[in-house]
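Each protein sequence line maps, in turn, to chains L and F.
Under this note's numbering, the residue at position 333 of the first sequence is numbered 333, and the numbers go up by one with no gaps.
Under this note's numbering, the residue at position 121 of the second sequence is numbered 121, and the numbers go up by one with no gaps.
Don't read these hints as lab results, they were simulated from the structure.
For clarity, every value in this text was computed on a predicted model and none was experimentally measured.
Errors might be hidden in some of the hints.
[What the hints assert, rightly or not] Chain L regions said to be covered by chain F (calculated; three or more residues, Cβ under 8 Å): (1) 191–198; (2) 244–257.
[Unchecked claim] Think about it this way: if two alpha-carbon atoms lie no more than 25 Å apart in a straight line, the pair counts; the simulated DSS-like pairs of lysine-lysine are: (3) LYS306/L / LYS274/L; (4) LYS51/F / LYS180/F; (5) LYS274/F / LYS318/F; (6) LYS92/F / LYS274/L; (7) LYS366/L / LYS356/L; (8) LYS274/F / LYS306/L; (9) LYS92/F / LYS51/F; (10) LYS356/F / LYS366/F; (11) LYS306/F / LYS230/L.
Heads up, the beta-carbon is just placed ideally off N, CA and C, and yes, glycines get one too.
Number of protein chains: 2
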Amino acid sequence: MESSLSCHLHDDDGVISLGGLTGQMIRIGLALTSTRDLDELLELVLLEARKLTGADAGSVYLVDGESLRFETSQNQSLFDRLGEETVRAMFKRSMLPLDSRSIAGHVALSRQILNIYDVYDIPSAAPYKFNPDWDFANAYRTQSMLAIPMLDQSGVVVGVVQLINAQARGETVPFDYRFKHVVSAFASQAAVAIVNARLTQDLHAAWLDSLFRLGLAAEYRDKETSNHIKRVSEYSVLLARCAGVCGEELEHLRWAAAMHDCGKLGISDAILHKPGALTPDERSTMEYHTLVGAQILQGGGNPLMKASQSVALSHHEKWDGSGYPRQLSGEDIPLFGRIVALADAFDAMCSRRVYKPAHPMGEVIKRIESDRGKHFDPVLVDILLEHLDEVDRIRMAYLDNDADFEKFRNYSLLKINAVL
Amino acid sequence: MESSLSCHLHDDDGVISLGGLTGQMIRIGLALTSTRDLDELLELVLLEARKLTGADAGSVYLVDGESLRFETSQNQSLFDRLGEETVRAMFKRSMLPLDSRSIAGHVALSRQILNIYDVYDIPSAAPYKFNPDWDFANAYRTQSMLAIPMLDQSGVVVGVVQLINAQARGETVPFDYRFKHVVSAFASQAAVAIVNARLTQDLHAAWLDSLFRLGLAAEYRDKETSNHIKRVSEYSVLLARCAGVCGEELEHLRWAAAMHDCGKLGISDAILHKPGALTPDERSTMEYHTLVGAQILQGGGNPLMKASQSVALSHHEKWDGSGYPRQLSGEDIPLFGRIVALADAFDAMCSRRVYKPAHPMGEVIKRIESDRGKHFDPVLVDILLEHLDEVDRIRMAYLDNDADFEKFRNYSLLKINAVL
Chain L
1 MESSLSCHLH DDDGVISLGG LTGQMIRIGL ALTSTRDLDE LLELVLLEAR KLTGADAGSV
61 YLVDGESLRF ETSQNQSLFD RLGEETVRAM FKRSMLPLDS RSIAGHVALS RQILNIYDVY
121 DIPSAAPYKF NPDWDFANAY RTQSMLAIPM LDQSGVVVGV VQLINAQARG ETVPFDYRFK
181 HVVSAFASQA AVAIVNARLT QDLHAAWLDS LFRLGLAAEY RDKETSNHIK RVSEYSVLLA
241 RCAGVCGEEL EHLRWAAAMH DCGKLGISDA ILHKPGALTP DERSTMEYHT LVGAQILQGG
301 GNPLMKASQS VALSHHEKWD GSGYPRQLSG EDIPLFGRIV ALADAFDAMC SRRVYKPAHP
361 MGEVIKRIES DRGKHFDPVL VDILLEHLDE VDRIRMAYLD NDADFEKFRN YSLLKINAVL
Chain F
1 MESSLSCHLH DDDGVISLGG LTGQMIRIGL ALTSTRDLDE LLELVLLEAR KLTGADAGSV
61 YLVDGESLRF ETSQNQSLFD RLGEETVRAM FKRSMLPLDS RSIAGHVALS RQILNIYDVY
121 DIPSAAPYKF NPDWDFANAY RTQSMLAIPM LDQSGVVVGV VQLINAQARG ETVPFDYRFK
181 HVVSAFASQA AVAIVNARLT QDLHAAWLDS LFRLGLAAEY RDKETSNHIK RVSEYSVLLA
241 RCAGVCGEEL EHLRWAAAMH DCGKLGISDA ILHKPGALTP DERSTMEYHT LVGAQILQGG
301 GNPLMKASQS VALSHHEKWD GSGYPRQLSG EDIPLFGRIV ALADAFDAMC SRRVYKPAHP
361 MGEVIKRIES DRGKHFDPVL VDILLEHLDE VDRIRMAYLD NDADFEKFRN YSLLKINAVL
């Protein structure tokens, strides 16, 4: 363990190098603050804490209101014995009450590092107890433990890092208390990084939430339910993934699909809700909803908004060039537009709407097949038909019920208490 | 200068303390990564860089595409001589081309620290030159300079910190090159903090942008222009500031005001655009737009969305209790609802709409005054009437022109090229 904490500054050609510890702490700080995904960050915090103290295993807990949430564990001995994937599958996210009965809870409340030589020798007078269930279940012997509170810049406890079984010369030893300042400094860096990652995550969620509301608002016009948007989103992501789209682009499509019809906000009821066929003039006005949508979504400057604009504009183009507004054909139609065109038409056919019941699935499939290479991209139709099981899982997860439609029928059912 | 960079680790009761430098670097790193406002962060970067190197003055530049943007300067001698506020007013944000002719540009491109003993002795063979204009204008003598590239974790140049006139024993000396690793480590911490702050800023802007689009979409229903939303937002912020609202809450109101009418998305054209008076049934349906709006905006979980929901629900309540949907009166109506009620009604009166011209300002003021304590909060009416100059500035900044209305009249004017 000593070797991992060598602390020295040395002179070299008159230039003062950053000594082992300073350099190491700065490198760790940079790595932590550059990692913006919270799960990835917590793994890194635990890994670096284990390296810094030579721990065989460890866990991270985050404070969540009046509870401590167990977030992740690493256990080198078990990883070596059973394989990392198997061991990770054994960990379950769980909640502990934020009180002094658990070691992590005690540390979070006392805000002090706790250094235990052997968890099976904790005096019975201590408020906290060690829970040996995990050890018994997995033939592991937890011995030494160092539990560190992570305090952010303003002194708020963000969570607890619990390190297990310090290793030295191949055996388990107590944690070396001489490094408590180093470990505290590390815990502060981790806390600030966690606070930042959470802020980013919250802001990102708020952004996506507001985009969904924009999609939802549009569906109000069309008397569609919010389940319709969710289904079209999920079908689109499924089709895209099978077509080879991956990573961030899948997420862009998810939200772009939710907003595809927002241009309907600009179309009058007389046209939008006309029971019979539209006159050529009315049809041409209706078709402008693609351009109105593109106008509402234009100029966002980020890839998600660009994808959304493209989908709003192109989701009524048809593979054979007979769609609108630009009569594009084949692969000239943006892929996301082709995907949402199929997902939206499929969902419209197999879902009930205010004015019509759902079509039977057999009939829907026949119609989709007959439009293969006419309305729809043939490759996407094949993907859809090959994944009907997954499609059905999505359909069942977001099934409409009567109450979803009631709100459109009669606003007097909308009670003030329901929105307060 | 040496004293600020003392580098040592010492043993104390067997506990290893973090030495001066390690502790200092970690403290600086934490302070930088905890500062999320970009302007505040840049001031802190410059201040800490000056402390670390004993510099009298300095500037920060950020890379912006093919340019370097001058962001901020500090100059202790001038602050002491003329007062900080005066000196800060003399700095102007400006752009430099990102090339080797300037010192900052050269450092950004070469990615190397540049240590100049005297900027008036730069050899003529050097690609960069010192621009003495500032010195002449302000009776300052720039002498030693240390220009440091800020590289993020992936080695991208984020910007340049330019430090001026190292001080030792009361006089200007060259910067001590022995600390180049320390200064580089600091610059990396600053770069990562800047990248994070920008990410947060961009994400925040994307969120607000999407909220504005939601307001915009709603105004499409009502054939209102986007200028109407901007005016109502600005009037609301003006009223709130004069009523003592400050800080983040003002920003919440700005966006809440933009979305106040989003419930109109759920009201049919027949009612929304009926030329004559509404029947009691139609009126009651129309009034549900406050509840529909609250429903679209509910459950956001952050203070901005909560404020938005409250405004959507309460902006048609009246001071005397004769409004809707809850017939609240006086201060039982949330302040933001009272503010938007006045801002919205005022703007409706003094702006043209698709179906009516603007009313003359004299008449508008008379109507607002006669509704003081009836429709409107009397305190807010007084504030509005006392600030008609500012109100007029807002009105002029967001004046509607004919083209803003054309898009509602005839969608065939909407050209595809305009939205691509």
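Going through the hints against the structure:
Requiring three or more residues with a Cβ within less than 8 Å of a Cβ of chain F, the coverage given for the stretch 191–198 of chain L holds, as 4 such residues are present. Note: the stretch 244–257 of chain L has 0 residues with beta-carbon separation from chain F under 8 Å; the three-residue rule is not met and the coverage is violated. Restraint check: the Cα-Cα separation between LYS306/L and LYS274/L comes to about 32 Å, which exceeds 25 Å; the hinted pair is violated. For the hint pairing LYS51/F with LYS180/F, the CA-to-CA distance comes to about 15 Å; that is within 25 Å, so the pair holds.
For the proposed pair LYS274/F and LYS318/F, the alpha carbon gap of about 23 Å is at most 25 Å, so the pair holds. Restraint check for LYS92/F and LYS274/L: the C-alpha separation of about 59 Å exceeds 25 Å, so the hint is violated. Taking the CA atoms of LYS366/L and LYS356/L, the gap is near 19 Å; set against the 25 Å cutoff, the hint holds. Using a Cα cut-off of 25 Å, the hinted pair LYS274/F and LYS306/L is violated, with the two alpha carbons roughly 36 Å apart.
Of the pairs offered as hints, the one joining LYS92/F and LYS51/F holds, with about 24 Å between alpha carbons and a cut-off of 25 Å not exceeded. Restraint check: the Cα-Cα separation between LYS356/F and LYS366/F comes to about 19 Å, which is no more than 25 Å; the hinted pair holds. The suggested pairing of LYS306/F with LYS230/L holds, with an alpha-carbon distance near 24 Å, which does not exceed 25 Å.
Consistency note: the structure conflicts with the earlier hints numbered 2, 3, 6, 8.
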